[in-house]
Amino acid sequence: MLIDQILLQIFYKLNNERTINAAYHLLRGKRSGQTIQDVGLFKLYPYFGILRKLAKPSFDDGVSRLVDRDLLKVEESGYFTVTSAGHDELKKLEIPFYDGWHYRGNEHVFFARLSLIIQTLSYQTAGHKYFLPVQRDEQTQAWCRGFLMDTQFHRQTLQEPLYEEMLSTLENAHLSEQQRQLVLNRLSGAHVAGVAWQQMSVQWQLPELDCQLLFISALHSWLEEIRQQQPFYLSKMTGDIRVENVLTGSAYQTAQLYMQGYTLEQISHMRQLKMSTIEDHIVELAMNEPHFDIRFFVKEADELAVQEATQTYMTKKLKVLREVLPHLSYFQIRLALARGEE
Amino acid sequence: MLESMLKQHFGYDTFRPGQKEIISSLLEGKDCIALLPTGMGKSLCYQLPGYLLPHPVLVISPLLSLMQDQVDQLKMRGEKRVIALNSFLSMREKQDVLSFLSHYRFIFTSPEMLMQPQVRHAIEQMTFSLIVADEAHCISQWGFDFRPDYLRIGEIQWKKPRPPVLALTATATGSVVQDIVQYLKMDAPYRFIHDVNRSNIKLAKVMFAQKEEKITWLLEHVSATAGPGIVYCSSRKKCEEISLKMLERGIVAASYHGGKDAEDRQFIQQQFLQGELEWIVATNAFGMGVHKENVRQVIHESMPANISNYMQEVGRAGRDGQQALAILLYADGDEHFAHYIATEDLPKQHHVEQFVYYIETGQQPEQMLQNAEISETGFRVLSYWLQQEPPSAVKQRLTKMMQEKDTEVGRMLALILQEHCMRERLVQYFGQNLSLQEGACCTNCGLRIKDFLLERQQGKTVNVEDWRKRLRKLLFGAP
Chain A
72 MLIDQILLQI FYKLNNERTI NAAYHLLRGK RSGQTIQDVG LFKLYPYFGI LRKLAKPSFD
132 DGVSRLVDRD LLKVEESGYF TVTSAGHDEL KKLEIPFYDG WHYRGNEHVF FARLSLIIQT
192 LSYQTAGHKY FLPVQRDEQT QAWCRGFLMD TQFHRQTLQE PLYEEMLSTL ENAHLSEQQR
252 QLVLNRLSGA HVAGVAWQQM SVQWQLPELD CQLLFISALH SWLEEIRQQQ PFYLSKMTGD
312 IRVENVLTGS AYQTAQLYMQ GYTLEQISHM RQLKMSTIED HIVELAMNEP HFDIRFFVKE
372 ADELAVQEAT QTYMTKKLKV LREVLPHLSY FQIRLALARG EE
Chain B
83 MLESMLKQHF GYDTFRPGQK EIISSLLEGK DCIALLPTGM GKSLCYQLPG YLLPHPVLVI
143 SPLLSLMQDQ VDQLKMRGEK RVIALNSFLS MREKQDVLSF LSHYRFIFTS PEMLMQPQVR
203 HAIEQMTFSL IVADEAHCIS QWGFDFRPDY LRIGEIQWKK PRPPVLALTA TATGSVVQDI
263 VQYLKMDAPY RFIHDVNRSN IKLAKVMFAQ KEEKITWLLE HVSATAGPGI VYCSSRKKCE
323 EISLKMLERG IVAASYHGGK DAEDRQFIQQ QFLQGELEWI VATNAFGMGV HKENVRQVIH
383 ESMPANISNY MQEVGRAGRD GQQALAILLY ADGDEHFAHY IATEDLPKQH HVEQFVYYIE
443 TGQQPEQMLQ NAEISETGFR VLSYWLQQEP PSAVKQRLTK MMQEKDTEVG RMLALILQEH
503 CMRERLVQYF GQNLSLQEGA CCTNCGLRIK DFLLERQQGK TVNVEDWRKR LRKLLFGAP
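So the sequence lines, in the order shown, correspond to chains A and B. Under the working numbering, the residue at position 135 of the first sequence is numbered 206, and the numbers go up by one with no gaps. Under the working numbering, the residue at position 465 of the second sequence is numbered 547, and the numbers go up by one with no gaps.
Isolated chain B (complex conformation):
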């Protein structure tokens, strides 16, 4: 029955693992948490129900680019009743969309947009067949200290009877799953948990005494071995510096981070997808929503701030199922910098006092932003919590957040320093056990980096055509 629907709407003969179970439980009206790795057909879990159920499906998505990506994919399949309700719409367009909301089959939006009174009002009047939280780990990962509106999704008064909620994510630990259930107010959800282990990605670490040695090693490594690959760095400046050094050595690399203009980011992404780049040197701004199958290497030049980030970033390698390698470079003391990055945007105790002082003296606390006394993220988080609790409780909460970040960095450090199988420890962190022990699966199990990499093909260069030829190619296609 479901299979024939799958064939009719999507042209596939069979479901991928988990899809049928998830969809069946949703059709029964049950909430569901689905942990599926990227590229395993997560979106089909709500797209097929969208055709089987009578009312629209609401998808809450964390990233504009991700949202656009999903909308584009649906449109490319010929679905016209799909809309992204986001900040790109003008006031007028937003109003138009809101008044015709029930005519769409798929509605994508962000938590922030959902919390706008006008939008929230429209949403609460509507009957949905299904509510989807995409990349639901963001609730836990970002909600507390980055995008508090994520925590507010649960406040929405859905029209009764409330439709089933589907939480989708690629990685989540037990405590993250708990946060998801709590903040989305899920009701005894059905859980589908896919094996988090990605056995085709080999895990390596290389240890150094001095930070500078990492760059030297990295440059030698990328000169000798084949990409395409991603180097993750912790700062924009590092990205620029390392990419330039790679370019100087004739390696086709580009840097990618939030400080680049939007065009540059899209140009680089397209180049990477088209296979024109050997390496992308990026901050963690790069990755989500970028579907490149044949990434062969992911290198962490800087230590990630927590294991979830590490897992996600590593997971961008080898989506084609072919062998890939993740290398983590660690120099003594890196955890201090990781800690700094992790807590940089977190409001500090004195920010609470300042905020309260501004209120008490009848001033706008927004002045803290104008005076550059706090980051934008920090301010958002601070004002959210100060609306929820008294200042003393917020201070305690901030201390606790700080400690949690600390613990997370500590766990990441422990994973690096410990001598057991890295893969086993990593999988255990996500509450699972390794089903099959393979031979040299990680550095601690005797993996040697050289055995797994192809030699770099020399002489690859960026080939920019003469402008006339380029203009012809743009308008009339390849000759």
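Isolated chain A (complex conformation):
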């Protein structure tokens, strides 16, 4: 199963240094300092928030399957080890493209817009003005209404160019033929009903969750292609979908203040937040902003020392690193790690 492959990959990347649940929070895109830092520390950008509604039992089932196949050992404490069989398996993984870090579930917002617009155009072609909208969310409906007005859809001239744009981007995007089919199966219109997950699951002999994962990957790849080609209408639909400012809201505010020249103590006081929280924000900034200068906090020699220690001891565990480098604070070590190469 695809979900198992993704889980194994995440566990491998986590380097046995987190508990099982870290992967769960990662897949659901939990916006906590810990999860965000794990993303940067262990280079887990692709998988952040790709399954925002993942149910705990489905996750647990995936872990159990890995354990049953001897690919993973889980201790009572929740910590785990990828077994040697697991490492062999890692070489055989075939995980499609994901960019969870930049899409964060927004890919579904794009698809909701597209599906309502396609449905409207389809009924327009068929000569029907009224139909049961496939998207009931009022925000989506309002957005689509605005889009259709702006593009003067009443002239019935939208179908042709949108068709060309979709065909060209879907064909050029790095997608399997099955994924292209999957995308179209989830669209509906006059006399064309959408295909339910259960139906695709039976037809393709794939679990429903795998079909959904392939779909999400397809959307990410497609959105990348749209970003490259910049076709007129599809770009309009996707303009605000990619998250360019990847910092969390709170970290962003801290970053703004820091850039204005305030010290961490001042920011802590101004924002009524604990010092440790402000430090979390700075680490998040360091991880996501390549030009951010950490030299004010960590000397070059210390940064190199941390990187050497991670090599020597094969770990990114703060506790271990702190024991080896007692003259550095946790904050300094984390900053150095944030800068660390893969």
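Hints in this document: simulated from the structure, not taken from any laboratory. Some clues are possibly wrong.
[Claimed, not checked] Okay, derived cross-link-like pairs now, DSSO-like style, lysine-lysine, Cα gap no bigger than 27 Å in a straight line: (1) B:532 / B:320; (2) B:551 / A:200; (3) B:89 / B:157; (4) B:374 / A:200; (5) B:430 / A:200; (6) A:307 / B:555; (7) A:307 / B:551; (8) A:200 / B:89; (9) B:157 / A:200.
[Unchecked claim] To spell it out: a stretch of chain A is covered by chain B in this simulated footprint if at least three of its residues, at any positions, have a beta carbon under 8 Å from a beta carbon of chain B; those stretches are: (10) 172-179; (11) 256-263.
Don't be surprised by glycine CBs; every beta carbon is placed ideally from N, CA and C.
Take the given structure of chain A and dock chain B to it, following the hints.
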């Protein structure tokens, strides 16, 4: 006179049975209860008065999809002054709608929306020509233990003189009619009661000793006989399991229940309406507001929790008037599961104590929800009744509700187990008598299932076009 109005506004020459009587009594300002089977033009009973009377018509409807359906139908006929006042509106839009409320001809809303202070206030300031409770049996069926706001409709202080109230429903027993009159505070209403018997639907039951035998029988049955049909199950898991087994046998089936995402539900509904599916395997979440004329079979894999539900679900077959078959599968002990399902969401005695404890210790009773100590429905019901009565009375009431559910399951069981004509008993349950005895109208009267079904056409498959072709078809229509 009325006929010319009907022609002018709807293009029909004649009324269907009951419509003229109902509309006349409403125009005279009298309250009215109309028991009309689905598909017999219930909505015309308030739509025509909407054009004849000076002020807006308020329609209170239980389901969002139903509401949307009615709004769509009106809009499709070119009526622009129609609005659905529901939770899909944003705050801003709601305010806009509320301030222009009197400009609409038809206003649809739900009991919950009606009870929001802002909405209630606007409604109480307004002059209506007519108030309609659609699917009014929900007052009784859902009001007590599912959606208490239904019971509160009667609390609204309508601007005087209060306009006539029309209660519409497809099925209702005497006691349900009584509840409707009481909770809507109706005044000596005119009653139009259509014959509840649907003679084109044959009633069958098949008895089993073991539960597993039901599935085996069902799978054999659907492999050999023609749909389209609906299989009703009591749980989501059952729906998934049975639909998968049907698919494995090459039968074009799909499951439908509240656990599916909204898109999936709409896709499946559209497929069913377009005739692409042989079977829908569903919980009772499927049906209301779905207008499919040619459903040939309705099968109850699980026993319904009461006779009203059974009647409603059976009634989704044969709306085209052609012969249809309803089959109820019963295995020994099924009533226990039916009882469990019926009372699952009902708050229990210890919930009352817990609720009171939270209040007394200065905590929010909502914590019960967060701690998953009670279902959402259960909590809603509990907080409604605890606002109305002291805890001891609520406990008694809950015990009584539990007993009533029990009685309902018992009645359903009795209908299954008894040896007389099922149709006669069913009609009697709704306080009517069978006008005409037909030959083999049910299993107890010697009906044989095989005589009434067409053989299944082999080789039907879901045909999903290649994605390019699909895209073309979506945007440019069929070639």
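Comparing the hints with the structure gives:
Simply put, residue 532 of chain B and residue 320 of chain B have alpha-carbon atoms about 26 Å apart, close enough for the 27 Å limit, and the pair holds. Annotation: proposed proximity of residue 551 of chain B to residue 200 of chain A holds, straight-line Cα distance about 24 Å (limit 27 Å). Distance restraint check for residue 89 of chain B and residue 157 of chain B: the Cα-Cα separation of roughly 18 Å lies within the 27 Å cut-off, and the hinted pair is therefore satisfied. Restraint check for residue 374 of chain B and residue 200 of chain A: satisfied, since their Cα atoms lie roughly 21 Å apart, inside the 27 Å limit.
Distance hint between residue 430 of chain B and residue 200 of chain A is unfulfilled; the C-alpha atoms sit about 49 Å from each other, more than 27 Å. Of the pairs offered as hints, the one joining residue 307 of chain A and residue 555 of chain B holds, with about 23 Å between alpha carbons and a cut-off of 27 Å not exceeded. Restraint check for residue 307 of chain A and residue 551 of chain B: satisfied, since their Cα atoms lie roughly 25 Å apart, inside the 27 Å limit. Restraint check for residue 200 of chain A and residue 89 of chain B: satisfied, since their Cα atoms lie roughly 24 Å apart, inside the 27 Å limit.
Proposed proximity of residue 157 of chain B and residue 200 of chain A is supported: the alpha carbons are some 9 Å apart, at most 27 Å. A stretch counts as covered by a chain when three or more of its residues have a beta carbon under 8 Å from one of that chain; for the stretch 172-179 of chain A and chain B the count is 0, and the coverage is violated. Figure legend: the stretch 256-263 of chain A, annotated as covered by chain B; annotation consistent (8 residues with Cβ-Cβ distances under 8 Å, at least 3 required).
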